Amino acid sequence: MKKGFLIISTVCLLAGDALAQAPAPGAAAQPAPAAAPVPISDVEVKSVEAPKADVRAKGDPDGSLTGTVADVPVADAKKGLTIADVINQVGQNKIAINFVWTLVAGFLVMFMQAGFALVETGLCRAKNANHTMMMNFVVYAVGMLAYWLIGFPLQMGGVGAVANLGGTPPLNAEHTITLFGKAFGIFGKNGFFLTQGGTYDVGVMVLFLFHMVFMDTALTIVTGSCAERWKFAAFIVSSFLMGAFTYPLFANWAWGGGWLANLGTNFGLGKGYCDFAGSGVVHAVGGLSALAMSILLGPRIGKYTRQGKPNVIPGHDIVLVLAGCFILAFGWFGFNPGSTLGASGNGNLRIGSIAVNTMLAGMAGSLSAMLYMWIRYGKPDASMSGNGLLAGLVAITAPSGFVNTVGATMIGLVAGVLVCLSVEFVDRVLKVDDPVGAISVHGANGLWGVISVGLFADGKSNYGGSWNGVNGSVTGLFYGDASQLVAQLIGVATLIGFVFTLTFVLNLVVEFVVGQRVSAKAELEGLDLPEIGALGYPEFELKAGVVKGA
Amino acid sequence: MILAGIVVTFLGFLISVSSVALSSSVGGRIAVVLIGMAVSLFGIIGLLNRAYLRNAIWKK
Numbered sequence: 001m002k003k004g005f006l007i008i009s010t011v012c013l014l015a016g017d018a019l020a021q022a023p024a025p026g027a028a029a030q031p032a033p034a035a036a037p038v039p040i041s042d043v044e045v046k047s048v049e050a051p052k053a054d055v056r057a058k059g060d061p062d063g064s065l066t067g068t069v070a071d072v073p074v075a076d077a078k079k080g081l082t083i084a085d086v087i088n089q090v091g092q093n094k095i096a097i098n099f100v101w102t103l104v105a106g107f108l109v110m111f112m113q114a115g116f117a118l119v120e121t122g123l124c125r126a127k128n129a130n131h132t133m134m135m136n137f138v139v140y141a142v143g144m145l146a147y148w149l150i151g152f153p154l155q156m157g158g159v160g161a162v163a164n165l166g167g168t169p170p171l172n173a174e175h176t177i178t179l180f181g182k183a184f185g186i187f188g189k190n191g192f193f194l195t196q197g198g199t200y201d202v203g204v205m206v207l208f209l210f211h212m213v214f215m216d217t218a219l220t221i222v223t224g225s226c227a228e229r230w231k232f233a234a235f236i237v238s239s240f241l242m243g244a245f246t247y248p249l250f251a252n253w254a255w256g257g258g259w260l261a262n263l264g265t266n267f268g269l270g271k272g273y274c275d276f277a278g279s280g281v282v283h284a285v286g287g288l289s290a291l292a293m294s295i296l297l298g299p300r301i302g303k304y305t306r307q308g309k310p311n312v313i314p315g316h317d318i319v320l321v322l323a324g325c326f327i328l329a330f331g332w333f334g335f336n337p338g339s340t341l342g343a344s345g346n347g348n349l350r351i352g353s354i355a356v357n358t359m360l361a362g363m364a365g366s367l368s369a370m371l372y373m374w375i376r377y378g379k380p381d382a383s384m385s386g387n388g389l390l391a392g393l394v395a396i397t398a399p400s401g402f403v404n405t406v407g408a409t410m411i412g413l414v415a416g417v418l419v420c421l422s423v424e425f426v427d428r429v430l431k432v433d434d435p436v437g438a439i440s441v442h443g444a445n446g447l448w449g450v451i452s453v454g455l456f457a458d459g460k461s462n463y464g465g466s467w468n469g470v471n472g473s474v475t476g477l478f479y480g481d482a483s484q485l486v487a488q489l490i491g492v493a494t495l496i497g498f499v500f501t502l503t504f505v506l507n508l509v510v511e512f513v514v515g516q517r518v519s520a521k522a523e524l525e526g527l528d529l530p531e532i533g534a535l536g537y538p539e540f541e542l543k544a545g546v547v548k549g550a
Numbered sequence: 001m002i003l004a005g006i007v008v009t010f011l012g013f014l015i016s017v018s019s020v021a022l023s024s025s026v027g028g029r030i031a032v033v034l035i036g037m038a039v040s041l042f043g044i045i046g047l048l049n050r051a052y053l054r055n056a057i058w059k060k
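Protein chains in written order, with our numbering: chain A, 1 to 550; chain B, 1 to 60.
Wrong hints could be hidden among the right ones.
With a cut-off of at most 25 angstroms between alpha-carbon atoms, the simulated BS3-like pairs for lysine-lysine come out as follows [stated by the list, open to error]:
| id | chain 1 | residue 1 | chain 2 | residue 2 |
| --- | --- | --- | --- | --- |
| 1 | B | K60 | A | K521 |
| 2 | B | K60 | A | K309 |
| 3 | B | K59 | A | K521 |
| 4 | B | K59 | A | K309 |
These are computed hints drawn from the structure, not numbers from a lab.
This structure is a prediction, so every number in the text was calculated from the model and none was measured.
Using the sequences and the accompanying hints, generate a full structural model.
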């Protein structure tokens, strides 16, 4: 009896609840007409009361009294608060949100330098730990100097208005040449020393910081592939040249209003070359420069037998490597979502989607690389699992703002396998020595990331209604726009044909002037003492390597 | 050989860029860009790298 009463009363309660939530018949079909906008007058603005001083003096434990009308700055104290003051504050709030977002994202990217340092040092032998760490440390300063003096103006001096950062109007001078009847932007001309051309500007400063740490990421990729045999002085000169010329030129073409970005407006190729956060601009530039440098330097002593068969030269600390990979994955949340250059307005709420795409692609890359190695060699290789994570992150960098989660996962899956195949190809077929796999992680997967925009971009993103001056959203081949793929392929061809060549030629000059490679004696001894003057691990007794002659 | 590698690699880039003028169709442009890429890759792998491998350190 009791049981029956309980069941009946529960059913009645649930039914009542459901009925209470159900809309009245016809109510859902006829939405209430929108209320006509009510004009607000200065009088009404002035009537908004701030919390009383005695109330405020008691503190604000729930936060309801902090941030009120009392905090809106007034332009003219005699007039008091006006609508103009309120509107100005709204505008400044939007830009402030974007400034803080972009700066914090830039700080995260800066921290990636630590990740790169750990990964590269861990993958090298202990006898070169100090040298490898120092290259990763010093590249930050050398790159920044080059970028402040020369690189930033070349890259962004003609970018025009960056709406999310308040306009950046001083960056308005782009050098162009006419080709095929169209203007081709080649390099910017404003912003030297961040003062020339009126560039002593708050928005320009935010833009500089964000792009500076991107540039430094590209530079530090090369130190990995050239580790254990690169002369420190040559490394400094080479890195300066890359930060001043090689990186900024391609970055101008892609991001600074240059000719690649304008392939859409000039030749009807989709939305022009699209590289949301830099699979091409940062990673492929770094990876292809790494390839050029590795060819030029030649392999380490002991890497190949006299018959040309590759030896494995294991790194000295896998703990450093995987910890570094995690730091990099963390920093990537600044890299990709930060590339909106804002969190408010112009479709910037897509930062959530970009962040999720980033983590999914990293996951997919790590898993597919691990599984590939497991199936092929019988064990899940730790360093390749780490490289798979990085490969997925590199590949999603360009498409992160334009694809959905399924696309992001597929891009990451391909990247994980691609990095394994590429490492084998570089090692065995090309016989190019790359101690950390930078050419494969950043070069091969940077190019894959660029191409994947032209395949997987789903046409759903909307950053202010247009991209690179072309209305609509970026759409790839699988979603109906084959011309976008052409723009992406031209970008890839430029990376391979131009960036590689420029890096090679500049470093050929360095080779003749400074000399790129350390002596065989220094290499066998380890570069810590001959190049840096101190051992990385002075209390350790270092054994001769597993590899003959290493 | 090194100089030839540099020239051929750069030539591939020029071929790819000229695709925008050589053809107006998507298919035509893709074909020209891919030819340019292949030329650049030949310059890197077939000429430059081979030139360096000829005097590779392990052969000494």
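Hint check:
1. B:K60 with A:K521: holds (15 angstroms)
2. B:K60 with A:K309: holds (15 angstroms)
3. B:K59 with A:K521: holds (17 angstroms)
4. B:K59 with A:K309: OK: B:K59 and A:K309 at ~11 angstroms, within 25 angstroms.
Hint check: no violations occur; every hint is consistent with the structure.
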